[in-house]
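From first to last, the protein sequence lines stand for chains F, P and D.
Taking numbering that gives the first Met the number 0, I'd label the letters of the first sequence as residues 0 to 317.
Taking numbering that gives the first Met the number 0, I'd label the letters of the second sequence as residues 0 to 366.
Taking numbering that gives the first Met the number 0, I'd label the letters of the third sequence as residues 0 to 359.
Misleading hints may appear alongside valid ones.
Below, in silico cross-link-like pairs of lysine-lysine (DSS-like), each with a Cα-Cα straight-line distance of 30 Å or less [unchecked claim]:
hint, chain 1, residue 1, chain 2, residue 2
1, P, K348, F, K208
2, F, K308, D, K14
3, P, K26, F, K220
4, P, K26, P, K64
5, F, K208, P, K28
6, P, K271, F, K208
7, P, K348, F, K220
8, P, K26, F, K208
Hints in this document: simulated from the structure, not taken from any laboratory.
No experiment lies behind these values; they were computed from the predicted model shown.
For reference, the chains in residue letters:
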Amino acid sequence: MSAPATTAKDAAGAVDLAARGRKLGLLMTLPAQLLLVFIFAFPALMQIYISLTWWTPGDGTIWIYAYESFVWFDNYVELITSERLWEPIGRTMLILIVVVPVEFVIGFGLAVLFVDSFPGKRVFYSILLTPMMVVPAVAGYMFFMLFQSNGPINQILSLLTGTDVELVWLGDTTLAMIAVMIADIWQWTPLMFLILLAGILGVPEDQLKAATLLGANWGQKFWRIVLPRMRTVIIIAIVIRAVEAFKLFDVMYVMTKGGPGVATETISIYIYKLFKQLEWSYLAAVDLSILIALSVIAVIGMTLMAKAKQKRAGDVVD
Amino acid sequence: MSSIELVNLTKRFGDLVAVNELNLEIKDKEFVALLGPSGCGKTTTMNLIAGIENPDGGEVRFDGKNVGSVPLRKRGVGFVFQNYAIFTHMTTYKNLSFALEVRGLPRDEIDRRVHEIAKLLDLEDRLPVPAARLGVNEMQRLGIGRSAIANPQIFLLDEPLSNLDAAFRAVMRTELKHLQHQLGQTMVYVTHDQLEAMTMADRIAVMDMGVLQQYGTPLEVYNRPRNLFVARFMGSPSMNLLYCRLTESDGGRALDFDESGRVELHDEALLKQCASARNADLYFGMRPEDVELSPVTGDRGGLAMTVTFVEHIGARTIVHLRSAGHEVKAIERNDFDVDIGAPMEVSPKPGAGWLFDAATEIALGAG
Amino acid sequence: MAKLELRGVTKTYGKTVGVANIDLTVEDNEFFCIFGPPSTGKSTILRLFLGLETPDSGEVCIGGEVVNGRLPAERDLAMVFQNLALFPHMTAGENLAFPLAERKTPKAERERRVNEVADKLHIGPLLNKIPAHLSGGERQRVAIGRALVRDSNALLMDEPISALDARLREEMRVELKRLQREMHRTLVYVTHDQEEAMSVADRLCIIRDGGIAQIGTPQEIYNAPNSRYVAEVIGAPPMNFIAGAIGEGGAFSADGLDLALTFKTNGAAGPGDVGVRPEDIVIEREAPGGHAVAATIYEVEPLGGFTVVALSVGDSVLRAQITGQPQFTLGEPVHLSLALDKCHLFASADGARIATGATG
Chain F
0 MSAPATTAKD AAGAVDLAAR GRKLGLLMTL PAQLLLVFIF AFPALMQIYI
50 SLTWWTPGDG TIWIYAYESF VWFDNYVELI TSERLWEPIG RTMLILIVVV
100 PVEFVIGFGL AVLFVDSFPG KRVFYSILLT PMMVVPAVAG YMFFMLFQSN
150 GPINQILSLL TGTDVELVWL GDTTLAMIAV MIADIWQWTP LMFLILLAGI
200 LGVPEDQLKA ATLLGANWGQ KFWRIVLPRM RTVIIIAIVI RAVEAFKLFD
250 VMYVMTKGGP GVATETISIY IYKLFKQLEW SYLAAVDLSI LIALSVIAVI
300 GMTLMAKAKQ KRAGDVVD
Chain P
0 MSSIELVNLT KRFGDLVAVN ELNLEIKDKE FVALLGPSGC GKTTTMNLIA
50 GIENPDGGEV RFDGKNVGSV PLRKRGVGFV FQNYAIFTHM TTYKNLSFAL
100 EVRGLPRDEI DRRVHEIAKL LDLEDRLPVP AARLGVNEMQ RLGIGRSAIA
150 NPQIFLLDEP LSNLDAAFRA VMRTELKHLQ HQLGQTMVYV THDQLEAMTM
200 ADRIAVMDMG VLQQYGTPLE VYNRPRNLFV ARFMGSPSMN LLYCRLTESD
250 GGRALDFDES GRVELHDEAL LKQCASARNA DLYFGMRPED VELSPVTGDR
300 GGLAMTVTFV EHIGARTIVH LRSAGHEVKA IERNDFDVDI GAPMEVSPKP
350 GAGWLFDAAT EIALGAG
Chain D
0 MAKLELRGVT KTYGKTVGVA NIDLTVEDNE FFCIFGPPST GKSTILRLFL
50 GLETPDSGEV CIGGEVVNGR LPAERDLAMV FQNLALFPHM TAGENLAFPL
100 AERKTPKAER ERRVNEVADK LHIGPLLNKI PAHLSGGERQ RVAIGRALVR
150 DSNALLMDEP ISALDARLRE EMRVELKRLQ REMHRTLVYV THDQEEAMSV
200 ADRLCIIRDG GIAQIGTPQE IYNAPNSRYV AEVIGAPPMN FIAGAIGEGG
250 AFSADGLDLA LTFKTNGAAG PGDVGVRPED IVIEREAPGG HAVAATIYEV
300 EPLGGFTVVA LSVGDSVLRA QITGQPQFTL GEPVHLSLAL DKCHLFASAD
350 GARIATGATG
């Protein structure tokens with residue numbers, strides 16, 4: 000402790016030790032806070048600034064002079080009305096709607112299997128987690144090769160059906176979407192599995208035991224005890240995956256580059272194309288809008304979570 | 000009919016033998032306490048009866064039939080966990096109705112029985128409340144009610160009163176005992192509190208290190224402890240155990256306590272015990288309430304000791320005395336007072352006292 | 000050694016009241032025990048003395064000086080926490096020496112004091128072991144030793160022996176009392192075990208909901224509780240209460256029972272409760288006449304040295320404590336008589352004690 004308190008302080012009465020602690024904490028985290036501000040706030044402000052202009056590096060000036068081509072909200076209006084933007088969004092949503100539930104169900108199934116120990120559990124565990132650890136670009140290339148017309152997937156299908164299967168996966172608009180979805184499911188199911196497994200393990204074991212002793216069978220325990228208690232975790236898993244799905248890029252770009260044509264062009268790929276075409280101010284506007292949309296989703300998710308938590312803690316939520 | 004029989008029951012956890020060849024029979028409608036310090040195997044024994052653990056050796060029998068192959072959820076035993084394991088994400092009502100709902104009983108029957116048991120346990124006005132918001136005392140009653148509603152013939156309770164405050168514990172002891180009489184179930188109760196076991200049980204099974212030490216009624220276990228462990232474990236303060244030697248004296252036997260003195264043995268029960276003494280080194284056991292204190296006169300044939308401490312704890316007074324090599328605690332009435340350092344003569348009340356072999360630690364005559 | 004005082008101290012935590020406007024004096028060299036059920040403010044009082052909390056209003060005084068502004072380290076108090084908080088990487092000896100090492104006491108003096116305390120607590124041979132290698136009781140003694148090693152203004156202990164098993168607790172409370180006497184320390188001791196509180200305290204303070212219910216010697220509190228709450232909370236089995244009404248001239252008549260007692264009241268009237276401790280109820284098989292009450296045996300709890308008999312009287316259940324091992328059958332009709340001089344009369348409205356000692 001530092002120097003002893005002076006008589007004046009004694010006479011004055013209470014020295015709030017908690018307030019002292021807070022001030023010290025503030026001072027100590029100041030460098031980190033400043034760094035965060037620089038890394039986060041500064042680029043964000045810069046992006047907002049640019050999005051209100053019609054600037055591109057092609058103009059020949061640096062971004063600070065973007066104010067010379069202020070167009071205010073024209074970019075935003077354009078992105079809302081532009082068909083060219085809504086197609087990728089639609090595609091991304093389609094992928095999302097298919098992949099997330101599939102990953103959820105498979106992930107949950109796997110999690111349930113992993114609750115009790117079985118021989119070789121550790122080995123299987125590592126195998127299951129490998130897809131997540133593969134570099135996405137590598138995974139993309141792997142699937143690119145798998146889905147070739149003369150590739151392994153077609154060969155396996157030929158064997159299974161007895162006929163000669165020569166699907167042009169990456170050349171057909173529908174098949175390409177399916178291929179991309181399969182790649183995503185392969186890569187991200189392990190994440191769902193992990194989160195849900197943690198959730199299942201978080202269910203108090205003695206409550207499950209008590210339920211068994213009261214005569215509940217496996218199914219009854221699942222519906223009445225495990226699932227209700229996993230509400231929070233399930234919401235987290237779905238929100239995380241949904242938000243991530245919006246950002247799909249690596250695997251898909253390597254597999255299809257958004258093709259054939261624009262059949263598998265997701266929003267991230269579209270943004271990348273904008274970047275290459277140097278339409279940076281429009282890009283900034285699109286980017287910010289997506290950020291806002293995703294934030295709204297996240298907030299909705301968190302509110303749902305808070306409600307679920309409250310309900311469990313016993314307070315009635317109106 | 001629901002008697003329980005444990006036959007050569009054994010359970011190991013790695014190198015540790017938690018339950019060691021336990022043989023115990025619990026009669027139909029009997030209230031038996033499994034009593035012992037932590038780690039003695041009492042909770043493991045109960046888990047074996049319930050089916051939460053499976054034995055490594057021996058059998059658990061209900062009404063003479065081996066239930067080893069009966070799965071946990073079909074054993075039909077009620078179980079109250081030490082921390083109650085209430086379903087905190089459900090209301091009190093749903094907790095109570097759980098056992099009946101999983102059996103698929105009709106809604107109005109469930110409703111009737113939930114209200115019935117809620118009334119019995121004084122939880123009726125708490126039925127719609129989320130169980131997580133109940134007070135500890137209410138949770139305990141809910142833990143019991145949740146199991147009781149299915150009318151199990153056998154009820155197992157794992158230290159159910161240990162989380163309650165002292166005042167409520169005293170009330171619940173009486174109520175649990177009364178409840179058991181009313182519902183007519185066989186009850187097995189695990190505790191480390193000898194007072195609780197004495198209060199509620201028809202018979203007490205005292206265990207230590209996985210081995211049964213003694214099995215008898217509370218008063219049997221209290222008055223005639225089979226070995227030093229049981230003698231020390233029962234009673235608060237615990238039994239005074241004084242090391243001594245058996246000698247002859249003119250016309251009979253006496254116990255020699257070295258410098259502290261000598262006690263002539265006239266009591267029939269004690270003399271009978273002496274007859275089966277294999278050697279002269281003994282422990283003389285005397286319960287604190289059976290100790291008579293009197294001013295030193297020299298002709299009562301007791302031990303000369305000095306008062307070292309006096310505790311006034313309300314209804315009684317505990318006097319601590321010491322002499323060379325021996326320590327004694329005596330219980331006296333509320334208004335008894337004496338100075339520290341005062342010399343006193345310590346002797347057992349007529350009919351009191353119990354002898355143990357110092358080497359084997361087993362009571363004389365107990366085999 | 001010094002006197003500790005709280006003058007008009009209030010401390011709230013948001014909406015919860017920790018302590019409300021309490022006045023408390025712990026005399027020099029006193030074994031002062033604070034007793035109450037969990038979460039009623041006992042630990043808050045210790046924390047206020049220590050300086051881990053600052054009062055919202057009022058003064059904390061040590062040795063007559065107001066210490067509100069002083070940091071805990073400057074108040075010179077020693078504390079034993081409920082979870083002991085021994086330094087796990089240091090040996091017992093190093094733990095004991097820590098308070099002295101911190102104050103840069105010379106090594107020779109440090110060793111002398113550590114050995115002195117270790118001797119008093121019989122932990123001399125354990126000084127080289129780390130806490131993980133010690134039993135629960137041994138760890139307790141090291142924690143207590145660490146508090147004793149300095150000549151602090153006072154010792155504060157927060158339920159130091161509640162985690163031990165029953166027999167160790169019985170021994171340790173006698174040890175603590177002896178130590179306090181021998182070493183002439185002021186000791187403020189928090190517990191929720193009423194037998195322990197009665198045994199060790201020079202003076203006992205009963206806390207209720209952040210306020211003081213009663214302060215006095217254990218005997219005073221046991222024999223003359225000033226409220227129903229205090230009467231219920233000290234003494235096991237707890238005091239019995241019989242509801243009824245107080246009428247003219249202190250005449251009490253019980254509800255639903257044939258029991259009438261007269262107390263010396265000062266005109267108090269209205270609903271009242273008579274309190275009588277279990278050891279002051281006598282069970283007779285034949286009616287001795289006069290003020291005996293009819294009852295039936297509800298439950299018998301044999302506790303070895305004595306027996307608690309629960310009796311059904313009218314609509315209520317009373318408990319009597321009888322020495323020895325008398326035999327009763329459930330449902331047997333008997334008669335009760337009460338030790339009149341030990342009966343207390345409480346007002347039902349506020350629970351305050353009106354009188355003690357009745358005439359038939």
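We went through each hint and held it up to the structure:
no.	hint	result
1	K348/P / K208/F	violated (51 Å)
2	K308/F / K14/D	holds (22 Å)
3	K26/P / K220/F	violated (33 Å)
4	K26/P / K64/P	holds (14 Å)
5	K208/F / K28/P	holds (25 Å)
6	K271/P / K208/F	violated (52 Å)
7	K348/P / K220/F	violated (60 Å)
8	K26/P / K208/F	holds (26 Å)
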